[in-house]
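Residue numbers (numbering that gives the first Met the number 0), protein chains in the order written: chain A, 0 to 381; chain B, 0 to 381.
Hints are computed from structural coordinates only; laboratory data are not their basis.
Be aware that a few hints might be false.
[Unchecked claim] So these bits of chain B aren't anywhere near chain A, every CB distance computed over 10 Å: (1) K24; (2) A25; (3) E40; (4) K46; (5) M66; (6) S71; (7) V108; (8) K125; (9) E214; (10) Y239.
[As the list claims (entries may be wrong)] 25 Å max Cα-Cα, derived DMTMM-like pairs, lysine to aspartate or glutamate: (11) A/K24 with B/D224; (12) B/K314 with A/E33; (13) A/K234 with B/E346; (14) B/K94 with A/E40; (15) B/K254 with A/D151; (16) B/K230 with A/E33; (17) A/K229 with B/E214; (18) A/K317 with B/E305; (19) B/K129 with B/D151; (20) A/K229 with B/D330; (21) B/K217 with A/E33; (22) B/K234 with A/E40; (23) B/K317 with A/E378; (24) B/K79 with A/E346; (25) A/K94 with B/D224; (26) A/K39 with B/D321; (27) A/K94 with B/E214; (28) A/K254 with B/D2; (29) A/K3 with B/D2; (30) A/K24 with B/E214; (31) A/K217 with B/D224; (32) B/K217 with A/E40; (33) B/K24 with A/E90; (34) A/K217 with B/E33.
[To be verified] Here are the simulated distance ranges between beta carbons: (35) A/D321 with B/R347: 21 to 29 Å; (36) B/N292 with A/E318: 42 to 50 Å; (37) A/E33 with B/K94: 53 to 61 Å; (38) A/N75 with B/S308: 44 to 52 Å; (39) A/K229 with B/N292: 39 to 47 Å; (40) A/L20 with B/E130: 31 to 39 Å.
No residue lacks a Cβ here, since even glycine has one placed at the ideal position from N, Cα and C.
Here's the letter readout for the chains.
Number of protein chains: 2
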Amino acid sequence: MRDKQFLMIPGPTPVPQTALLEMGKAPMGHRSTEFSAILKEIYADLKWLFQTKNNVFIFTASGTGAMEAALSNILNPGDKVLSLVIGNFGERLAKISTTRGADVERMVVDFGKTIDINALKERLAKDVNKEIKVVTLTHSETSTGCANPIKDLLAVIKEHGALSVVDGVTSVGAMEVKPDEWGIDILISGSQKGFMIPPGLSFLMASDRAMKAYEECKYPSFYFDFAAHKKNLEKDTTPYTPAVSLICALNATLKMMKEEGLDNIYARHKRLALGLRKAIRAMGLKLFVDDDNFASYSITAILPPEGISVADIRKGLKEDFDIVVADGQNDLKGKIFRMGTLGYVCERDVIGSIGALELTLKKLGANIELGSGVKAFLESLI
Amino acid sequence: MRDKQFLMIPGPTPVPQTALLEMGKAPMGHRSTEFSAILKEIYADLKWLFQTKNNVFIFTASGTGAMEAALSNILNPGDKVLSLVIGNFGERLAKISTTRGADVERMVVDFGKTIDINALKERLAKDVNKEIKVVTLTHSETSTGCANPIKDLLAVIKEHGALSVVDGVTSVGAMEVKPDEWGIDILISGSQKGFMIPPGLSFLMASDRAMKAYEECKYPSFYFDFAAHKKNLEKDTTPYTPAVSLICALNATLKMMKEEGLDNIYARHKRLALGLRKAIRAMGLKLFVDDDNFASYSITAILPPEGISVADIRKGLKEDFDIVVADGQNDLKGKIFRMGTLGYVCERDVIGSIGALELTLKKLGANIELGSGVKAFLESLI
Numbered sequence: 000m001r002d003k004q005f006l007m008i009p010g011p012t013p014v015p016q017t018a019l020l021e022m023g024k025a026p027m028g029h030r031s032t033e034f035s036a037i038l039k040e041i042y043a044d045l046k047w048l049f050q051t052k053n054n055v056f057i058f059t060a061s062g063t064g065a066m067e068a069a070l071s072n073i074l075n076p077g078d079k080v081l082s083l084v085i086g087n088f089g090e091r092l093a094k095i096s097t098t099r100g101a102d103v104e105r106m107v108v109d110f111g112k113t114i115d116i117n118a119l120k121e122r123l124a125k126d127v128n129k130e131i132k133v134v135t136l137t138h139s140e141t142s143t144g145c146a147n148p149i150k151d152l153l154a155v156i157k158e159h160g161a162l163s164v165v166d167g168v169t170s171v172g173a174m175e176v177k178p179d180e181w182g183i184d185i186l187i188s189g190s191q192k193g194f195m196i197p198p199g200l201s202f203l204m205a206s207d208r209a210m211k212a213y214e215e216c217k218y219p220s221f222y223f224d225f226a227a228h229k230k231n232l233e234k235d236t237t238p239y240t241p242a243v244s245l246i247c248a249l250n251a252t253l254k255m256m257k258e259e260g261l262d263n264i265y266a267r268h269k270r271l272a273l274g275l276r277k278a279i280r281a282m283g284l285k286l287f288v289d290d291d292n293f294a295s296y297s298i299t300a301i302l303p304p305e306g307i308s309v310a311d312i313r314k315g316l317k318e319d320f321d322i323v324v325a326d327g328q329n330d331l332k333g334k335i336f337r338m339g340t341l342g343y344v345c346e347r348d349v350i351g352s353i354g355a356l357e358l359t360l361k362k363l364g365a366n367i368e369l370g371s372g373v374k375a376f377l378e379s380l381i
Numbered sequence: 000m001r002d003k004q005f006l007m008i009p010g011p012t013p014v015p016q017t018a019l020l021e022m023g024k025a026p027m028g029h030r031s032t033e034f035s036a037i038l039k040e041i042y043a044d045l046k047w048l049f050q051t052k053n054n055v056f057i058f059t060a061s062g063t064g065a066m067e068a069a070l071s072n073i074l075n076p077g078d079k080v081l082s083l084v085i086g087n088f089g090e091r092l093a094k095i096s097t098t099r100g101a102d103v104e105r106m107v108v109d110f111g112k113t114i115d116i117n118a119l120k121e122r123l124a125k126d127v128n129k130e131i132k133v134v135t136l137t138h139s140e141t142s143t144g145c146a147n148p149i150k151d152l153l154a155v156i157k158e159h160g161a162l163s164v165v166d167g168v169t170s171v172g173a174m175e176v177k178p179d180e181w182g183i184d185i186l187i188s189g190s191q192k193g194f195m196i197p198p199g200l201s202f203l204m205a206s207d208r209a210m211k212a213y214e215e216c217k218y219p220s221f222y223f224d225f226a227a228h229k230k231n232l233e234k235d236t237t238p239y240t241p242a243v244s245l246i247c248a249l250n251a252t253l254k255m256m257k258e259e260g261l262d263n264i265y266a267r268h269k270r271l272a273l274g275l276r277k278a279i280r281a282m283g284l285k286l287f288v289d290d291d292n293f294a295s296y297s298i299t300a301i302l303p304p305e306g307i308s309v310a311d312i313r314k315g316l317k318e319d320f321d322i323v324v325a326d327g328q329n330d331l332k333g334k335i336f337r338m339g340t341l342g343y344v345c346e347r348d349v350i351g352s353i354g355a356l357e358l359t360l361k362k363l364g365a366n367i368e369l370g371s372g373v374k375a376f377l378e379s380l381i
């Protein structure tokens with residue numbers, strides 16, 4: 000049905016009307032006092048959302064832009080980087096480090112698994128000369144639905160002394176992240192995720208240590224330059240013309256988020272994701288990440304029942320129910336499908352989607368008891 | 000009056016309703032077939048708008064992002080760059096080249112003037128060993144309202160053999176630029192200008208020679224990487240999540256532009272800018288760029304009458320008429336004000352603005368004959 004599409008992909012995610020109405024307004028001048036007043040509020044609200052005393056910069060760019068911003072401001076050619084890779088987006092941080100001329104070592108696990116703390120401990124213990132300058136890691140790995148135990152991993156990195164660069168693209172505003180307490184040096188995220196607005200903005204929190212590393216960076220990016228962003232942030236502005244419409248939409252959603260409260264937001268994501276996982280199991284399907292302790296609350300990867308293709312499931316959900324779910328990426332294409340519970344998603348959305356999935360699978364010949372998934376989800380809400 | 004604000008600044012510029020309605024729609028999935036179909040049309044339409052057979056990449060970034068994209072994909076540390084600087088934005092290309100480790104030489108003129116062709120000829124003739132790899136230059140210099148005679152300058156650069164990087168931020172879609180015919184290697188622009196949509200996207204045309212230079216670039220930007228954008232463009236997609244809402248708005252405005260026709264668009268900008276200049280002169284005010292042959296058709300810089308401050312003029316226009324004009328930048332702050340005729344601007348808009356300027360100046364004590372500017376503008380339309 001027209002205008003009924005529900006995006007369950009890990010971004011773009013659904014956008015509340017309040018934000019869409021802001022998007023549809025004629026943009027205001029980015030150097031006006033009205034716009035500065037909005038930016039001033041947003042810079043403060045982002046500190047709240049990121050749970051940090053550090054500055055949070057706003058880039059007009061995709062999440063990948065913020066990834067590049069992170070690494071291009073602290074790396075020099077030859078620097079040693081340890082990249083903890085649990086999926087495609089972890090690999091992207093490694094790749095970007097390579098393009099900056101860094102000497103990159105990867106610690107890779109089978110996709111669907113998380114980093115083993117002891118393995119990391121061992122590796123860093125071997126680095127007696129503290130040659131590893133930066134460790135990159137992912138919180139919620141969008142490509143697999145896996146969530147690293149980053150609090151514990153960060154404690155190990157902190158003890159070693161390397162700078163930590165954390166991809167929080169699908170975790171900030173959805174899952175608990177405490178950068179100051181846990182010792183994150185750079186934390187990045189993107190607008191079309193927990194922030195509930197369309198794609199086009201990304202965010203970067205930089206610690207004092209990250210700012211210090213920036214000072215020694217020989218060729219930092221001009222567009223993403225930390226100093227330029229810091230200087231302008233302090234004057235309630237941005238160094239270059241930002242995506243004004245998205246900033247105004249963000250102002251609206253940040254207010255909504257403050258109204259809901261951060262703990263409630265985290266609880267909602269956890270409730271919906273764990274409830275969805277219960278439903279999937281009740282339907283007799285398998286989760287790609289079996290252990291709830293390592294499950295992302297933003298995105299859930301599901302294996303199709305034997306003999307039924309991911310393509311057919313996605314097609315059925317889209318054509319009959321206006322629900323868009325994501326395929327797996329690269330090697331996982333056709334092997335998993337991914338359902339998002341990220342951002343502007345409520346119980347009713349998930350109930351509807353589970354029901355739609357049940358009937359879609361049944362129509363495709365799967366042995367599904369209609370209502371079994373919905374029942375399990377509803378029970379999980381009690 | 001509420002929602003009546005008219006942006007005469009050089010960006011953001013006014014946005015047509017058709018595009019605002021697209022902005023206000025829930026974003027679609029960026030890997031969907033629907034979105035690919037839109038991108039396919041846009042990539043073709045951008046070739047038309049840029050008047051080129053080359054690819055035009057789309058970046059989710061400000062114009063400065065496209066500037067960085069241009070230089071970070073072709074420069075290696077130590078490369079020699081000649082930057083032709085006629086204003087702040089010309090200087091920005093020089094600065095970005097420096098951050099890439101290039102050896103930058105500037106040819107600077109007094110702001111408000113353009114580059115002298117003979118001076119450029121002489122400088123390049125001296126470069127017998129062809130050490131200068133790249134020449135950066137500005138078409139319409141947004142900070143001064145000056146337009147370089149780029150066709151002639153490009154002929155000189157072409158003869159020398161250096162790569163040309165042209166800032167067309169306020170010229171593409173407003174003033175005639177023929178990259179293939181004139182020999183531009185990289186031409187960049189931004190969405191909140193001639194493209195008639197809000198800020199957040201920028202564009203880059205790369206010639207075959209630019210793509211060749213890219214291949215020898217040691218540390219190209221990952222986010223702005225030419226090869227990644229080329230590969231994805233060929234598959235009607237983008238390498239990373241783009242600002243979907245802006246892309247859909249762009250699809251709408253490109254259709255509007257095709258309907259109007261490129262020659263008509265150029266003629267409209269020329270008519271409005273030259274008409275505005277006649278009005279300014281008729282009011283007894285001075286233009287910062289005196290010679291019409293070197294005037295930008297996108298932005299006109301005007302000196303305030305003696306004894307009247309730019310701040311007061313801007314305040315009067317905004318408070319009494321909901322018209323926002325721009326101050327000068329840096330050293331020119333308070334010395335000029337700038338009125339845009341860029342993008343979605345029609346005769347009626349300019350008539351209203353000239354009238355508003357007349358009364359604002361009169362109220363501030365200037366010796367203005369009310370109606371004199373409007374009369375001159377109207378006469379210019381006959």
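Taking the hints in turn, this is what the structure says about them:
1. The non-interface label for B/K24 is inconsistent with chain A: the shortest C-beta to C-beta separation is roughly 7 Å, within 10 Å.
2. With a least beta-carbon separation of about 5 Å from chain A, B/A25 fails to lie farther than 10 Å from that chain, contradicting its non-interface assignment.
3. At the 10 Å boundary, the C-beta of B/E40 stays outside the reach of chain A, the nearest C-beta of that chain being 20 Å off.
4. Remark: the non-interface label on B/K46 is consistent with the geometry, its nearest Cβ contact in chain A lying 23 Å away (cut-off 10 Å).
5. A beta-carbon of chain A comes within 10 Å of the beta-carbon of B/M66; the shortest separation is about 8 Å.
6. Under the 10 Å C-beta cut-off, the non-interface status given to B/S71 relative to chain A is violated; the minimum distance is some 8 Å.
7. Distance check for B/V108 against chain A: the nearest CB is about 23 Å away, which clears 10 Å, and the non-interface claim stands.
8. Even its closest Cβ contact with chain A, about 29 Å, leaves B/K125 beyond 10 Å, as expected for a residue assigned away from the interface.
9. Non-interface call for B/E214 relative to chain A: holds, since the shortest CB-CB distance, roughly 14 Å, exceeds 10 Å.
10. Taking the minimum C-beta to C-beta distance to chain A, about 4 Å, the non-interface status of B/Y239 is violated against the 10 Å cut.
11. A C-alpha spacing of about 32 Å is found between A/K24 and B/D224, which places the hinted pair above 25 Å, so the restraint is violated.
12. Between B/K314 and A/E33 the alpha-carbon distance is near 14 Å, which keeps this suggested pair within the 25 Å criterion.
13. A threshold of 25 Å between alpha carbons decides the hint, and for A/K234 with B/E346 the separation of about 37 Å lies outside it, so the pair is violated.
14. For the suggested pair B/K94 and A/E40, the alpha carbons sit about 31 Å apart, so the restraint of at most 25 Å is broken.
15. Restraint check for B/K254 and A/D151: the C-alpha separation of about 53 Å exceeds 25 Å, so the hint is violated.
16. The straight-line distance between the Cα atoms of B/K230 and A/E33 is roughly 41 Å, outside the 25 Å bound, and the hint therefore fails.
17. For the suggested pair A/K229 and B/E214, the alpha carbons sit about 33 Å apart, so the restraint of at most 25 Å is broken.
18. For the given pair, A/K317 sits about 66 Å from B/E305 by alpha-carbon distance, which is inconsistent with the 25 Å threshold.
19. Restraint check for B/K129 and B/D151: satisfied, since their Cα atoms lie roughly 20 Å apart, inside the 25 Å limit.
20. Note on A/K229 and B/D330: the hinted pairing holds, with a Cα-Cα distance of about 23 Å set against a maximum of 25 Å.
21. About 43 Å separates the Cα atoms of B/K217 and A/E33, which puts this hinted pair outside 25 Å; it is violated.
22. Using a Cα cut-off of 25 Å, the hinted pair B/K234 and A/E40 is violated, with the two alpha carbons roughly 40 Å apart.
23. For a cut-off of 25 Å, the pair hint linking B/K317 to A/E378 is broken: about 58 Å separates their Cα positions.
24. With a C-alpha separation of about 60 Å, the suggested pair B/K79 and A/E346 falls outside the 25 Å cut-off, and the hint is violated.
25. For the given pair, A/K94 sits about 12 Å from B/D224 by alpha-carbon distance, which is consistent with the 25 Å threshold.
26. Between A/K39 and B/D321 the alpha-carbon distance is near 23 Å, which keeps this suggested pair within the 25 Å criterion.
27. Proximity of A/K94 to B/E214 is assessed by CA-CA distance (about 17 Å); at most 25 Å being required, the pair is judged to hold.
28. Restraint check for A/K254 and B/D2: the C-alpha separation of about 22 Å stays at or below 25 Å, so the hint holds.
29. Restraint check for A/K3 and B/D2: the C-alpha separation of about 29 Å exceeds 25 Å, so the hint is violated.
30. Pair hint A/K24 plus B/E214 does not hold up; C-alpha atoms about 42 Å apart against a cutoff of 25 Å.
31. Restraint check for A/K217 and B/D224: the C-alpha separation of about 20 Å stays at or below 25 Å, so the hint holds.
32. Taking the CA atoms of B/K217 and A/E40, the gap is near 41 Å; set against the 25 Å cutoff, the hint is violated.
33. Between B/K24 and A/E90, the direct Cα distance comes to roughly 33 Å. Violation of the 25 Å bound is thereby established for this hinted pair.
34. Taking the CA atoms of A/K217 and B/E33, the gap is near 43 Å; set against the 25 Å cutoff, the hint is violated.
35. Checking the proposed 21 to 29 Å range against A/D321 and B/R347 shows it is violated: the Cβ atoms sit about 42 Å from each other.
36. For B/N292 paired with A/E318, a C-beta distance near 60 Å fails the hint of 42 to 50 Å.
37. The given range of 53 to 61 Å is broken by A/E33 and B/K94, whose C-beta atoms sit roughly 29 Å from each other.
38. Between A/N75 and B/S308 the CB atoms are about 47 Å apart, so this pair conforms to the stated range of 44 to 52 Å.
39. For A/K229 and B/N292, the hinted distance range of 39 to 47 Å is satisfied, since their beta carbons lie about 42 Å from each other.
40. Distance hint for A/L20 and B/E130: a CB-CB separation of about 55 Å, inconsistent with the stated range 31 to 39 Å.
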